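Asks: Chains as they are written, first to last, in our numbering: chain B, 15 to 138; chain P, 13 to 531.
These are computed hints drawn from the structure, not numbers from a lab. Model, not experiment: these values are computed from the prediction. Be aware that one or more of the hints could be misleading.
What the hints assert, rightly or not - Computed spacing ranges between beta-carbons, pair by pair:
#	chain 1	residue 1	chain 2	residue 2	range
1	P	Thr442	B	Pro17	44 to 54 Å
2	B	Pro17	P	Asn220	14 to 24 Å
3	P	Gln433	B	Gly65	50 to 60 Å
4	P	Thr65	B	Val23	44 to 54 Å
5	P	Gly66	B	Glu123	52 to 62 Å
Note that beta-carbon positions come from the ideal geometry of N, C-alpha and C, so glycine has one too.
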Amino acid sequence: MAPYLLTMVLLAIGVYAIACKRNLIKVIIGVMIAEYAVNLFLILMGYRTGGHAPIRTAAMDEAAGAANAAQAFAAGAVDPLPQALILTSIVIGLGVVALMAAMAIRLHEKYGTFDVAEMRKLRG
Amino acid sequence: MDTMLPLMVALPLAAAFLMPLLEKLREPEWLIDLLATLAGIALLAMSIRLLGTGQATYWMGGWNPSADATKGVFGIALSCDGLTRLLLLTISLVTVVAVIFSLRYMQRYTTKGFYFCLFFLMVAGMNGVVLAGDLFNFYVFLEVAAISSYSLVAFGCESEELEASFKYLVLGSLASTFVLFAIAILYNLTGTLNMAAIRQQMTTLAGNPALYVAAGFFVMGLGLKAAMVPFHAWLPDAHPSAPAPISAMLSGVLIKALGVYALARVFFTVLGPTAEYATVLMALGALSMLAGVLLAVGQWDFKRLLAYHSISQMGYVVLALGIGAAVLAKGGPKAIAGLAIFGGLFHLFNHAAFKSLLFLCSGATEYATGTRQLKELGGLAHRMPVTSGCCRVASLSIAGVPPFNGFWSKLIIIAAAVQAQYYWLAALATLVAFLTLVSFIKVQRYVIGGELPTRHAAVREVPASMGLAMVLLAIVCIGAGVLAPWLISTQGVPLLDQARDAVLAGPDYVTTVLGGTLP
Numbered sequence: 015m016a017p018y019l020l021t022m023v024l025l026a027i028g029v030y031a032i033a034c035k036r037n038l039i040k041v042i043i044g045v046m047i048a049e050y051a052v053n054l055f056l057i058l059m060g061y062r063t064g065g066h067a068p069i070r071t072a073a074m075d076e077a078a079g080a081a082n083a084a085q086a087f088a089a090g091a092v093d094p095l096p097q098a099l100i101l102t103s104i105v106i107g108l109g110v111v112a113l114m115a116a117m118a119i120r121l122h123e124k125y126g127t128f129d130v131a132e133m134r135k136l137r138g
Numbered sequence: 013m014d015t016m017l018p019l020m021v022a023l024p025l026a027a028a029f030l031m032p033l034l035e036k037l038r039e040p041e042w043l044i045d046l047l048a049t050l051a052g053i054a055l056l057a058m059s060i061r062l063l064g065t066g067q068a069t070y071w072m073g074g075w076n077p078s079a080d081a082t083k084g085v086f087g088i089a090l091s092c093d094g095l096t097r098l099l100l101l102t103i104s105l106v107t108v109v110a111v112i113f114s115l116r117y118m119q120r121y122t123t124k125g126f127y128f129c130l131f132f133l134m135v136a137g138m139n140g141v142v143l144a145g146d147l148f149n150f151y152v153f154l155e156v157a158a159i160s161s162y163s164l165v166a167f168g169c170e171s172e173e174l175e176a177s178f179k180y181l182v183l184g185s186l187a188s189t190f191v192l193f194a195i196a197i198l199y200n201l202t203g204t205l206n207m208a209a210i211r212q213q214m215t216t217l218a219g220n221p222a223l224y225v226a227a228g229f230f231v232m233g234l235g236l237k238a239a240m241v242p243f244h245a246w247l248p249d250a251h252p253s254a255p256a257p258i259s260a261m262l263s264g265v266l267i268k269a270l271g272v273y274a275l276a277r278v279f280f281t282v283l284g285p286t287a288e289y290a291t292v293l294m295a296l297g298a299l300s301m302l303a304g305v306l307l308a309v310g311q312w313d314f315k316r317l318l319a320y321h322s323i324s325q326m327g328y329v330v331l332a333l334g335i336g337a338a339v340l341a342k343g344g345p346k347a348i349a350g351l352a353i354f355g356g357l358f359h360l361f362n363h364a365a366f367k368s369l370l371f372l373c374s375g376a377t378e379y380a381t382g383t384r385q386l387k388e389l390g391g392l393a394h395r396m397p398v399t400s401g402c403c404r405v406a407s408l409s410i411a412g413v414p415p416f417n418g419f420w421s422k423l424i425i426i427a428a429a430v431q432a433q434y435y436w437l438a439a440l441a442t443l444v445a446f447l448t449l450v451s452f453i454k455v456q457r458y459v460i461g462g463e464l465p466t467r468h469a470a471v472r473e474v475p476a477s478m479g480l481a482m483v484l485l486a487i488v489c490i491g492a493g494v495l496a497p498w499l500i501s502t503q504g505v506p507l508l509d510q511a512r513d514a515v516l517a518g519p520d521y522v523t524t525v526l527g528g529t530l531p
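So here's chain P without its partners, still in its complex pose (with noise of 0.2 Å):
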């Protein structure tokens, strides 16, 4: 099983380099469609088959350092967990969605292999940024995921694109320098780059002050790439920026796999939870929750609302773990991080399947309409039902309304606030989730509501490839919402169970990843 953990990343990046000669040989143009698909239901079938799996770890090159200990941990290991499969199954679900849809949305643009061929270069970085068992690696694949997005930003060319990506580039490639100096500080505290190593190594440096310095680094570093609220401010630009499907693939994968993977990772896993770190993780999310809402609530433009509610709602994602640490770092009883750390991860799920969604009706209305300012829209759920419903689906479950998925994820999230007694953060998460249904009424009445405009009166449904794309999210949303009570009153769900696990294996890591402990 183990050798498909590679697999993950190399396929994208096979596709990623056949486009340009696809887009080179120019007939038949269906050609690259097919491509494109087919890699994508690959990536997803592939990320399904792992969920059955248990801890895998690939060591490149047969380097394995659990058949020689003294040879030391060198080797580039892909290791895969519970959290890795979540990831995985999240990325390759928004993959395939977004490459269904970009099929008809990007025949507007003139090259569409260069647009595939970036896009999948994206996707091998996530997945290698998730698989990543060594930090090197890590930074590596974060820097390839980010610089393809970087392009993909900038893909339509025109000054406001440039603007967003340039600005997006700078400060994305100082996130990078950031997270490669804290990276460094840990290499010379440790000798080693292996994250189970240094793991290993965390009980004997604990309360060194060189290891706040990489902490400290870490958060500038992984916050600018998941845009918490200081280091926000290239979002919301750089997410309208981009066409539709990539908008979804930024807001609904890419800033968790680079920022709050990233974040848990190394916190949990990598340098174990402290009450400083859960304070700063506590801080920084409740923070993004407050600010992001606020700000997206006297947004005209519909990508841009949408693009500060991803601030938002990450903000939920990152207190959930910051709970989580919290009360490990407390000695508190596991269970109740456990259930803030579950919360954190189904609503990092959730968030993946409403906010692509909403990206992509986002899009679909733009496609049919030619604008995205909600004052100039309205009336479309005749026009567009798909759209139109799809847009509801959506929009509810990103408000918390039962029996939506972001209502249980909430739900989770707050109970887990208040038995770990944060009362404060428990009121503030409602008032936030309260206020993003307040956005999201307002969003429901211009788009969907109203009178349609006259020079709307010719609008039609987009075409079908399009509108399965977002059904597929939408049936995603409500299935997550109708299963996800049932199962975790009854049988538990085991993609997120063992996510759960997996970030509260602590120091268990170590032993399933190099195989016993090393001397």
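Isolated chain B, as found in the complex (with noise of 0.2 Å):
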């Protein structure tokens, strides 16, 4: 349960990186820290103490027996899923993470600041 929760706190420094930072910057990397504990919880519910690829070989299954050889796989093996997930989460973010970093060089170039609180040309 711990790693668990270490990831919402994880999250949460995320979500105060964005929602409290001023500079451009470290806005980004707040976005990256929320996006990797997303990841990381991802990882998390795949993973098992002792556990091994997901790839049945014909040594694994003879070392089982043939009876129960299908029984021991499951067993032992990591779900092979939030991986695959992770993958997709994984490339996903860095496309939004390039868009950010260009968008914060063009703000830079307009405003000549990173600064959020200096770029008010928008009015709520």
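Both chains are given apart, each in its own frame, so use the hints to dock them into the complex.
Replies: Structure follows, in structure tokens:
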């Protein structure tokens, strides 16, 4: 349970950075921290102490015996799905961060600063 | 018929990737316009063709679990029920109109190819979101649509646009993070990502506290995407900053596909409505409705005013869904829940039509006069008859004046609130309708009525293609307004009835998607 809660703490740190930091780069880092909190959460779900790769080999079947080869495999294998998910989520995160960095550069060209408080052309 | 489902995503994707190639070719210039128009019309034709079909599910790569139940549900499913069909039709309709409007409007920007590339990526993402039968693809398509919309908001690359887009980008990616967290928790609980398979396990999971954590993350994430009030801060900046046809797409369909549709799908189909979720939805809806319209009344920037009204009008839809969920959770009569949901979905469609039209009108006035400050406009009735006429129709629709479409959907929502004995909510909805009317009388007075400022003396009507786009949507507004009461009282509206039934289906969704329950 503790590792799961730690990912929540990591998420809270990311949200804090997004909400409270005035520097654009720090805000971007906050978004990245929040994204990685989810990636860690996903990978933790598939984690299994002493688990092995979810690939079934002939040697594995021989060691377990023909009768309960499938059960022995399933009992030890980690869940491969979360790994596939975070691979996708990392790629999406990369795209988002690249876009954010590009926009931060353009904003710096326009305003000459990374300080959010000085970018005030829009009024609510 | 179900082979058409992946095409709804693949066609705009293919169009999106062809656009930059055509941009590189440079000659002939009309090729990009032609491809964009054809892709839009093909999407509309396919979504109209889909209307006649029943529930359909397409399993990518033939990984169909109903063929062999022991294999489990691992394949990627595209599933199309009544709700999906309603959203697909709405998206395609606004897409076609926005493309036609963009043909001339976007000539002020140099790179039309890149614009249409992002545009069709966004359409592909939205179609994917409404078609996705499993939560992870739902998330991926959500991101596809969202990332292209971030770039489209910043398309002009001026400081205001970049600022708005950055704000939207940060809050949007935070929203996506929350959604993924919720999906991860649900996967942890159920061991599957397929919506139907998750729903199947809801009976055993009911009351599990982790479920409420997931629901909380969904509310935050999807509430941010739908710009419900406490999560609305990005919308009034982002929507007005985009080019006008993109504003129409964002306010018209993006917040619905990514926000409201997603809320309905998650809370009605996947999690199943409970009293807690219903309260949250009703609170979000009522808050957005009131706060949105109060903030809108004081605005003097045409597009910003419209953006605030989007928050308010989306509040109506979410409120109606909340009332429906509350009645269902209490075990009340399904007819009342159905009426509320019917009203909400009808309002969703109507809002897509009239708000897109209003944003196109604001784009047209900006195109002709170069300003969107209400105080600097005026007297356009004679100079720009088409734009003014369409703006009138849309304003009357959103203000809820009979016989325009907005009136009927608001009436149904208020009637449902009264029948469900939420008298305060009904009164609130009526008050907000009145405030909306006041706000749009202001728009009419300052844009269409009054004196023509001398500096706009040479203003001329916008090009014919832009006029055509606006007239098309105005016809939809009037048509839906005139036909709706007649159809509802006689044979019903199959499009909306099926969408309502899809929202109400609940556990039946499992059988229709998976073809029988799984072991």
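Asks: For every hint, state whether the structure bears it out.
Replies: Checked hints:
1. P:Thr442 to B:Pro17: 44 to 54 Å: holds (51 Å)
2. B:Pro17 to P:Asn220: 14 to 24 Å: holds (20 Å)
3. P:Gln433 to B:Gly65: 50 to 60 Å: With Cβ atoms ~54 Å apart, the hint holds.
4. P:Thr65 to B:Val23: 44 to 54 Å: holds (48 Å)
5. P:Gly66 to B:Glu123: 52 to 62 Å: 54 Å Cβ-Cβ, so the 52 to 62 Å window holds.
Checked against the numbered hints listed earlier, the structure breaks none of them; every hint is satisfied.
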